[in-house]
Amino acid sequence: MGKYETPMLDELEKGPWPSFVTELKKATKVSPMADDELGQLEKSFQTKRGYWKHGGIVGVLGYGGGVIGRYSSIPDEFPGVAHFHTVRINQTSGFFYTAEALRMICDIWDKYGSGLTNMHGSTGDLVLLGTTTENLEAIFAEYSSRGWDLGSSGSAMRTPSCCVGMGRCEWACIDTMDFTYHITQHFQDEMHRPAYPYKFKIKTAGCACDCVAAIARADLSIIGTWKDKIRIDQAEVKNYADKGMDIQGEIIDLCPTECMVYDGGEIKINDVECNRCMHCIAKMTKALRPGLDKGATILVGAKAPIVVGSLLSWVLIPFIKMDPPYEEITEKIEAIIEWWDDTAKPRERIGELIEVKGMRPLLEAADIPPVPQQVKEPRKDPFFFWAESDFDK
Amino acid sequence: MGKYETPMLDELEKGPWPSFVTELKKATKVSPMADDELGQLEKSFQTKRGYWKHGGIVGVLGYGGGVIGRYSSIPDEFPGVAHFHTVRINQTSGFFYTAEALRMICDIWDKYGSGLTNMHGSTGDLVLLGTTTENLEAIFAEYSSRGWDLGSSGSAMRTPSCCVGMGRCEWACIDTMDFTYHITQHFQDEMHRPAYPYKFKIKTAGCACDCVAAIARADLSIIGTWKDKIRIDQAEVKNYADKGMDIQGEIIDLCPTECMVYDGGEIKINDVECNRCMHCIAKMTKALRPGLDKGATILVGAKAPIVVGSLLSWVLIPFIKMDPPYEEITEKIEAIIEWWDDTAKPRERIGELIEVKGMRPLLEAADIPPVPQQVKEPRKDPFFFWAESDFDK
Amino acid sequence: MATLDVEGKSYEVDEEGYLMDWQEWTEGVAGAMAKEDGLDLSAEHWNVIKFLRSYFEKYQIAPMIKILTKELAKEYGKEKGNTKYLYELYPAGPAKQACRYAGLPKPTGCV
Amino acid sequence: MATLDVEGKSYEVDEEGYLMDWQEWTEGVAGAMAKEDGLDLSAEHWNVIKFLRSYFEKYQIAPMIKILTKELAKEYGKEKGNTKYLYELYPAGPAKQACRYAGLPKPTGCV
Amino acid sequence: MALPERQTDIGPPKYDAYLPPVIKENYGKWKYHEVLTPGTMVHVAEGGDKIYTVRAASPRILSTESIREICDLSEKYCDGYLRFTTRNNIEFLVSDKGKIDPLLAELKERKYTVGGIGPRISNVIHTQGWVHCHSACTDASGIVKAMMDELYEYFTTKELPNKVRLAVACCVNMCGAVHCSDIAVVAVHRKAPTIDDANVGKMCEIPTTVGSCPTSAIRPNPKDKTVVINEEKCMYCGNCFTVCPPIDIHRPEDDGVAIVVGGKISSLRTDPKFSKLAIPFLFNEPPRWPKVVDAIKNILETYAKHARKHERVGEWIERIGWESFFKLTGIEFTYQHIDDFTFMRDTLRTSAAFKF
Amino acid sequence: MALPERQTDIGPPKYDAYLPPVIKENYGKWKYHEVLTPGTMVHVAEGGDKIYTVRAASPRILSTESIREICDLSEKYCDGYLRFTTRNNIEFLVSDKGKIDPLLAELKERKYTVGGIGPRISNVIHTQGWVHCHSACTDASGIVKAMMDELYEYFTTKELPNKVRLAVACCVNMCGAVHCSDIAVVAVHRKAPTIDDANVGKMCEIPTTVGSCPTSAIRPNPKDKTVVINEEKCMYCGNCFTVCPPIDIHRPEDDGVAIVVGGKISSLRTDPKFSKLAIPFLFNEPPRWPKVVDAIKNILETYAKHARKHERVGEWIERIGWESFFKLTGIEFTYQHIDDFTFMRDTLRTSAAFKF
Ligand code: SRM
Ligand code: SRM
Ligand code: SRM
Ligand code: SRM
Ligand code: SF4
Ligand code: SF4
Ligand code: SF4
Ligand code: SF4
Ligand code: SF4
Ligand code: SF4
Ligand code: SF4
Ligand code: SF4
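The listed protein sequences derive, respectively, from chains D, E, Z, U, F and B.
Counting in the numbering used here, the first sequence runs without a single skipped number right up to 393 at its last residue.
Counting in the numbering used here, the second sequence runs without a single skipped number right up to 1393 at its last residue.
Counting in the numbering used here, the third sequence runs without a single skipped number right up to 2111 at its last residue.
Counting in the numbering used here, the fourth sequence runs without a single skipped number right up to 3111 at its last residue.
Counting in the numbering used here, the fifth sequence runs without a single skipped number right up to 4356 at its last residue.
Counting in the numbering used here, the sixth sequence runs without a single skipped number right up to 5356 at its last residue.
With the rest of the complex left out, here is chain D (with noise of 0.2 Å):
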């Protein structure tokens, strides 16, 4: 038995599902924060209530962010928790590691800190969970040392993320983990020092299939997609009819477009009319494969529902080349941001901005046209602006 009984929890311990319990009572070998994490856990359950502080400042020097701040409310009763701060350390694009590398990061981890991680935080960070602030920059100098960053927090430019991608995906349109890095370094200082009205969020996914949420969950959402024909293999469709797919019923009924057909032996597709869903590919992946023009699309706005309700990212720039060095993207994401950053009040994410503004002042801004692409459908009411410049035309 740990330090503190945990009737409670210890109930987590049993069923098949891997339990973080578990993993909490494993780090007590390693640091009594662990401990006393546990008990004031326990203490939760039991009174069904957090005993939280607000977060706090901490950080390292130079850098305004990457550290979140963590200080109970009852210190005096779990004292290995009174500081519990979490360091945010910047994954590898696609979440790829080596036992090696991990074992560092654990070895150091275990040396200042209570030997708990998150594989991974929602944005994508390793987040090491609990230490004080006096260890943070030894915590910092080690890593950094050895190549690891922090990852980012606060008013900033939040750790891009992506998926799997080229890495591990046929599907992947664009070199999502590659750009992830780009981009990630073009960001530095805007990550680690503050300067933004809100948080900002990039995530990058190879096809519409999204595996990183990002049109959900980043305030800059970029997919992969392709401008040119479906490549079939007919050979294939026939062995997935053969091995007894109902080709009919799973695939081209579910077309959102009806731009299949197939008549029993070949699949044909109308390109022109299609959308790019991916249910055909995603469903039949052997026969069927996104095209070889291929680029993103860019939306913007997705963000969690304070102040006024979820937003999902919205289409800005419904194609762009996606290949290295990234100069046109690059441009355009600097010019979405510096709009941003020059109009929005503060705690305002992009897409709460754009509610307010329109689109018309960030296309502007971005220098993006205005095409029927950005919407699903064009406004319904009578009501809308014209600008001197319009009547020039």
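These aren't lab readings, by the way, just hints derived from the structure by calculation.
Don't be surprised by glycine CBs; every beta carbon is placed ideally from N, CA and C.
Any given hint could turn out to be false.
[Unchecked claim] Computed, partial: chain E to chain Z, Cβ under 8 Å:
no., residue
1, Ile1057
2, Gly1062
3, Gly1064
4, Ala1101
5, Tyr1112
6, Pro1194
7, Pro1197
Using the hints, position chains E, Z, U, F and B with the ligands against chain D.
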């Protein structure tokens, strides 16, 4: 040629569609007002702007509405339309007339007015177009003594209106004409003596075809429907097939709930899944008929775009019986209006008020339970209110 | 422009007799307008006019009819808190007569 | 509750050294906090503190960093209008050091 | 001449006095109907009785002379019974089958336009325009006449995939069903109103004026007893003009009309839909508004060509996507199309799936 | 002990150092994949090279001890290569086919949970909860553990019509993808916050606090240097609490969770969708939240029973209609379900067509 030259309007006497200009010219035989109306209109066509002042406040004693005051802004140029008020005569339910009645209406109008009418106004009234203030009392006395009353205007119950319904339509699930007569009589005081925060319109359609645009143009929209099963005459189904109708493509495939099957012989409907959209019935009128347990759906809130964009009516009561003497429905309508009347700001329509207050206060005031039929989908954000009364449950 | 002459002073009114400037109103204006309509202004008439006037001065808008009737009910008894009573006093209606006598701007829209 | 002692007076501060009541602030408080951090407050440091303080007193909110940098650029030259300069002055960052020295409420949320 | 004695609050006459006997007898007992020609249909009652309807177009503005002519016709062929439709057409209610052809013949002779029944264009819902409304920023009757001359055959003969409901509103008050029409015209301004400051304080309810603005562009200026409009925020709806006469929104040289499409009222197959913006602006060009007429015809014929049977305009567009609508019609997409008002959040595209 | 020299702004290490050789060689050249079992799949490159993936569940909170164990396994079977997924699963990247079975065997022995690939439940996106966040109004890890114990087989073996993405957020800040999940839990308060007036003026930015309220329920009280909350307007979001520590929203006896359903992120077939409210409130019942778990299981199994192949939860519900969803699941419909916030206008039903 008339009193004025009207080259532009004359242009609109050409072409096959019946010409309103011809009507204006015909009316000049009745009244010199029509001459000036023509002249002023020609000027509008020339200069691309109207020449009417803001609506005036004219009327008949004891009534606060029913007449729209209208004055020319250039009376010196067109003295015949210095006053050019319209009189709203409450139309019959379903717009049924006899030649005798219409002639009577014309006779009186020729005596006191311009000889011009709108058959009918958008709200439903029989609109008499153009008279002077001094004639109003006489006009009212003439019509009312013959059994015809004024319609409505101002912040009042507006002239209710309906589709032809049981008068000449096999799909009428409710007696739109009789109910409209009933409700018009019921609200005589509220129609003639404006005392509401703003206008309130009631329109009644016999089925989901909504041939009176109730759902788009009435604060309270009543739409007939049924609760039981669609009646099917399989022999007629066969007839349609024999005559070459593509039943699968035109009916089954377009059924929005996919609740129909056709085996080449008979149509079967899974009525629990049917949303009573009327498509199959409308397109196979001989074979399919609404069920027998009939009543109506009550919706509220439709209006034109000012101030915050157009609204379509929202479902309030999914099903209510609509049999004479219409007690329950009349009570509900009164409760709905009472809530609005008590709560709204000036110039606030009921749809706008609901947008501000939410549906709950109205549901509570009118004693209507919350049901899924009231929404297309439940709320998206996690922000919602609780009343003390909810906690008791 | 039409005018209304009251005690030697002449007031601009529109084609329907509404004052062109609500600020110019005097009790005499109300009296003169009523006279034109052949109406004798009783104390009950004045109650309505005064309420309209004071409400407008306070809020710069005309009260909704229901506010007017509620006020009448409160001040002078329930039987006076309805449109029927108002139309008895002002047969041409509160907008056309009472507001006009009270010098309020002509109600717009919503016809 | 932790305290900060300045010139004989003791100020309540939270676990991170932020004043518990921004109204109690004095220049001495800033000096004492800086001393704890081993920082010598130069005129340039004071420029930042004073701007923060006056902005807060005017608007009751801390300025966004970009407002602060714009102000610095305007007042003291373009080369000082950036975060780099701010972090040179306050290595632990404007939120953690400058706002704290200026006695502003601890920034919340958004971490 | 003494006036007859007035009555109040009697309401309209009861409808049943105006129903032809066959309708009275079969009221609520109709079994089915058949469309016989684009302008005639028959309704058959449970018991087999029939009522024939002959529908003729009306310009809605009718002179008493024309109404009398219609009365004459109805007496000659329908025992004096007739009705109007909710779209302002005239319906002759013929009980005697044998009278249909003679009626049609006389209608033809007298140049009536018969049609509008079934999957085609019917009459155009429209409003007062310059004929009677102070708010009008175009003439409704004029546009209707110009467009129906051009679309005439779609009323009288040609078939479309389904009904196509047209409407014209002469200002954004939209006294028609423009906001839910298949194709509709709505007149719009493009410049902020001007204010006659001297009169605002005298003639307007200032709080009402301030509150009338959908975009909060108006604020009071108590010093000068007037209001001030922030032109940046104004989107020219004219509501301030409606409530405050010294505010003027009319600017003939900048006014015109917008064209909206894809609305629907019935619940058949798909939910009722609002109309959406197709063309943000075309100048007023009386008397025949050629650009407006062309634009409508283009949209209508593109629909006729591409839609499937029973598809309404809005259903067709939703199936193919608005991207395709703009492509097929060749209409330019502009900043104005992108919603920045109450439906913005839900109409911006939140999906990676769309057509190029 | 001297610390090594710190570096700044170096960013993360470049990913390519961590890619197994077969991935490096075939980077961007994958041709197709096959799901072999619920926990294994193979990706095949253009040239025929293969990489096998074995996916194991993780509680996301991992001790360094467990990470070391995972490292050991990856060295033993994958040359030390591994990755995590965007849903926090562990993926062993096996280059040598022969090592799959031994790896699976050892995973089994060590009680790892293998699965989550293909049309089934994968790991649950969740947030800090009482483990680390001051804002938490439930414990995320606790609920996840309780529900996944119950839904275990839907991760390891059972197939569903399509992927079902679960999420848990411990407050309405929603640091997960709750707002677009097939089925998700979000913790909510039900009473307005209390204010420690004495400290607001000292510790808070009052304009920020006033501005933080989505419903404008907060107004300043300058006299007492604090703010006042209009409880009628408050819907308990806690945003004021986030920006102003002396405001407290926690009320253990009234707090709990809501369940939302039908969200979706991918653009396949249908647009991404927001989750919608299914159950407005269930009390916190640690340690196993039985009512929450039952409710989720009920929704999941109703979906499993009625949905068609490839239909996501939201697609299924949209096909059958929300009326049917409430009927089939037996969930009660309440006032809370009716939107009165930003999407109200578009989510109230504007059609006569619906199911009873
Ligand atoms: C750690 C993490 C949750 C997790 O368990 O994974 C997290 C934790 C917190 N988030 Fe978050 N957010 C985390 C990802 C997110 C996401 C998801 C994402 O980034 O993909 C969102 C939703 C997307 C978005 O950005 O809108 C998210 C939306 C919020 C919000 C609401 C922001 C908004 O604009 O609505 C807040 C509130 C705030 O900023 O004040 C917030 C605030 C917080 C705070 C700082 C609470 C606070 O108000 O002080 C939490 C600190 C918890 C703690 O003590 O550890 N967190 N937060 C995630 C970051 C880890 C990482 O760096 O990888
Ligand atoms: C005559 C008529 C148009 C027609 O040509 O048929 C009409 C004419 C006017 N309408 Fe209307 N409305 C007429 C039906 C409608 C309808 C349609 C309906 O009732 O089905 C609507 C849209 C539905 C609705 O109520 O929202 C309509 C929405 C408006 C509005 C906008 C109201 C709103 O809440 O957004 C106004 C503006 C106002 O009330 O100030 C308005 C105002 C007006 C005014 C009074 C203009 C004004 O501001 O003073 C127009 C007087 C024109 C004139 O001088 O003759 N009219 N008005 C219709 C009434 C005839 C009748 O009684 O049968
Ligand atoms: C006469 C009239 C009712 C009245 O009380 O006056 C009427 C009468 C009939 N309508 Fe209608 N509708 C009438 C206005 C409407 C309206 C209102 C409007 O247009 O403003 C609508 C809603 C339009 C919309 O959805 O935007 C309307 C939507 C329908 C529909 C639904 C069509 C659809 O597929 O969406 C049907 C069913 C059909 O056509 O198959 C229908 C069917 C019918 C039937 C067949 C009903 C019947 O069995 O008698 C009648 C003859 C149809 C025809 O004209 O083709 N009626 N009908 C109206 C004639 C207007 C006119 O002069 O053209
Ligand atoms: C490994 C991972 C990417 C990564 O960088 O980590 C991944 C990998 C794959 N996804 Fe994914 N998806 C991953 C998260 C997601 C997410 C994000 C999320 O869940 O938060 C989504 C969006 C979910 C949503 O729509 O709500 C996602 C929606 C899809 C879909 C779309 C399914 C649909 O029909 O809507 C597919 C296609 C399919 O399954 O047919 C897909 C297909 C795939 C394929 C088959 C792609 C491929 O060819 O390699 C991969 C294996 C599928 C599998 O797990 O069944 N992946 N996938 C993520 C695994 C998470 C996990 O541990 O389970
Ligand atoms: S988003 Fe597309 S490219 Fe990326 S992992 Fe998922 S399926 Fe592959
Ligand atoms: S990607 Fe989607 S739209 Fe395109 S053919 Fe495949 S299923 Fe159809
Ligand atoms: S609404 Fe229905 S009942 Fe009324 S006329 Fe139209 S089809 Fe007939
Ligand atoms: S009424 Fe509509 S939903 Fe019902 S069976 Fe017919 S087509 Fe289907
Ligand atoms: S739409 Fe506008 S201009 Fe036309 S009648 Fe109605 S209020 Fe007048
Ligand atoms: S025209 Fe409309 S938007 Fe412009 S100021 Fe007037 S009310 Fe406001
Ligand atoms: S969802 Fe709320 S409680 Fe949970 S981690 Fe995020 S901010 Fe904290
Ligand atoms: S909890 Fe939310 S809604 Fe309530 S007062 Fe605070 S910010 Fe406003």
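| Can you name, in rising order, the numbers of the hints this structure does not satisfy? | Hints 4 and 5 are the ones this structure does not satisfy, whereas the remaining hints hold.
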